[in-house]
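Visitor: Residue numbers (my numbering), protein chains in the order written: chain A, 10 to 124; chain B, 24 to 134.
Heads up, a few of these hints could be off.
[Said to hold, decoys possible] With a Cα cut of at most 27 Å, we get these calculated DSSO-like pairs of lysine-lysine: (1) A:K66 to B:K121; (2) A:K23 to A:K80; (3) B:K79 to A:K79; (4) B:K79 to B:K49; (5) B:K92 to B:K49; (6) B:K121 to A:K92; (7) A:K80 to A:K18; (8) B:K93 to A:K18; (9) A:K92 to A:K23; (10) B:K92 to B:K79; (11) B:K133 to B:K93; (12) B:K133 to B:K49; (13) A:K66 to A:K80; (14) A:K79 to A:K66; (15) B:K121 to A:K80; (16) B:K92 to A:K66; (17) A:K92 to A:K66; (18) B:K133 to B:K92.
[Claimed, not checked] Some chain A residues close to chain B (C-beta under 7 Å, calculated; not the full set): (19) P48; (20) L52; (21) L99; (22) F115; (23) G116; (24) T122.
Keep in mind that the hints were calculated from the coordinates and are not lab data.
In this text, a Cβ means the ideal position worked out from N, Cα and C, and glycines have one as well.
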Amino acid sequence: DGGITQSPKYLFRKEGQNVTLSCEQNLNHDAMYWYRQDPGQGLRLIYYSQIVNDFQKGDIAEGYSVSREKKESFPLTVTSAQKNPTAFYLCASSTHRVGGEDTQYFGPGTRLTVL
Amino acid sequence: SQQGEEDPQALSIQEGENATMNCSYKTSINNLQWYRQNSGRGLVHLILIRSNEREKHSGRLRVTLDTSKKSSSLLITASRAADTASYFCAIRNTGGFKTIFGAGTRLFVKA
């Protein structure tokens, strides 16, 4: 059963704490992405990775960090430096086609709330 | 902004009616995609239309692309209550890697 999974579904964090959101895919995709979605808004790109051991900042990378040690995994850490982290976080993967067709497959999302 | 901008922001229709959503963008694109998101869930890819295509169909979905006007439309025919969701257009710029999502149209289909 191929797909992309995210955990946990809901996450609560106290101010000043770092938290890590998990994203795993078994689609054999090279590229992986993290997006942030605020209520009633579209998706904003946080980080993306085109290949293992490589990643680039997206449009809103400040206060976030990622790693890509395995093809299947792309965890996102929300650090205490992120001033307003309460949001819905979506992970996606796709085949790596620069300038070409590139359908993204999304996980179910993690809703992070800062208490 | 390079992102696609959907219009309207929200749409409420009766079951059985057609729903039309529009997307405008500003750059030269390689392709344009439409995604659907049910409340609190991830996005699901619906359809992709290449820059050299003008119209594409998939079941009850019809997508058009007018590159001269930098716009696309998504038509859902004979809508059902289960079509209630947010619909996003996403553009892939020519030569680019990132896919840029718009803010979405929220569709509500009343039974």
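Visitor: State for each hint whether it applies.
Guide: Do the hints match the structure? See the list:
Under the criterion of a C-alpha separation no larger than 27 Å, the hint pairing K66 of chain A with K121 of chain B is consistent with the structure, at around 11 Å. Between K23 of chain A and K80 of chain A, the direct Cα distance comes to roughly 31 Å. Violation of the 27 Å bound is thereby established for this hinted pair. Distance check on the hinted pair: K79 of chain B and K79 of chain A sit about 37 Å apart at the alpha-carbon level, beyond 27 Å; violated. A threshold of 27 Å between alpha carbons decides the hint, and for K79 of chain B with K49 of chain B the separation of about 21 Å falls inside it, so the pair holds.
In summary, the hint linking K92 of chain B to K49 of chain B is supported, as the alpha carbons are separated by about 9 Å, within the 27 Å threshold. For the hint pairing K121 of chain B with K92 of chain A, the CA-to-CA distance comes to about 25 Å; that is within 27 Å, so the pair holds. A distance of roughly 22 Å separates the Cα atoms of K80 of chain A and K18 of chain A; the hinted pair therefore holds under the 27 Å criterion. Between the alpha carbons of K93 of chain B and K18 of chain A the distance comes to roughly 37 Å, so the proposed pair goes past 27 Å and is violated.
With a CA separation close to 12 Å, the supplied pair K92 of chain A and K23 of chain A stays within the 27 Å bound. In summary, the hint linking K92 of chain B to K79 of chain B is supported, as the alpha carbons are separated by about 17 Å, within the 27 Å threshold. Taken as a hint, the K133 of chain B and K93 of chain B pair is broken in the structure, with Cα atoms around 31 Å apart against an allowance of 27 Å. Annotation: proposed proximity of K133 of chain B to K49 of chain B is violated, straight-line Cα distance about 34 Å (limit 27 Å).
A C-alpha spacing of about 18 Å is found between K66 of chain A and K80 of chain A, which places the hinted pair at or below 27 Å, so the restraint holds. Only pairs whose Cα atoms come within 27 Å are accepted, and K79 of chain A paired with K66 of chain A is accepted, the gap being roughly 18 Å. Taking the CA atoms of K121 of chain B and K80 of chain A, the gap is near 19 Å; set against the 27 Å cutoff, the hint holds. Between the alpha carbons of K92 of chain B and K66 of chain A the distance comes to roughly 31 Å, so the proposed pair goes past 27 Å and is violated.
As the CA atoms of K92 of chain A and K66 of chain A are separated by approximately 17 Å, the hinted pair is consistent with the 27 Å bound. Under the criterion of a C-alpha separation no larger than 27 Å, the hint pairing K133 of chain B with K92 of chain B is inconsistent with the structure, at around 32 Å. Residue-level restraint check for P48 of chain A is violated (minimum Cβ-Cβ distance to chain B is 11 Å; threshold 7 Å). Restraint check, L52 of chain A versus chain B: the minimum CB separation of about 4 Å is within 7 Å; hint holds.
The criterion of a C-beta within 7 Å of any C-beta in chain B is met by L99 of chain A, whose closest approach is roughly 6 Å, and the hint holds. With a least beta-carbon distance of about 3 Å to chain B, the hint placing F115 of chain A at the interface is held under the 7 Å criterion. Hint status for G116 of chain A: holds, given a least beta-carbon distance of 5 Å to chain B, under 7 Å. Annotation: T122 of chain A was flagged as interfacial toward chain B, and the flag is violated, the nearest CB pair being 13 Å apart, outside 7 Å.
When held up to the earlier numbered hints, the structure conflicts with 2, 3, 8, 11, 12, 16, 18, 19, 24 and fits the remainder.
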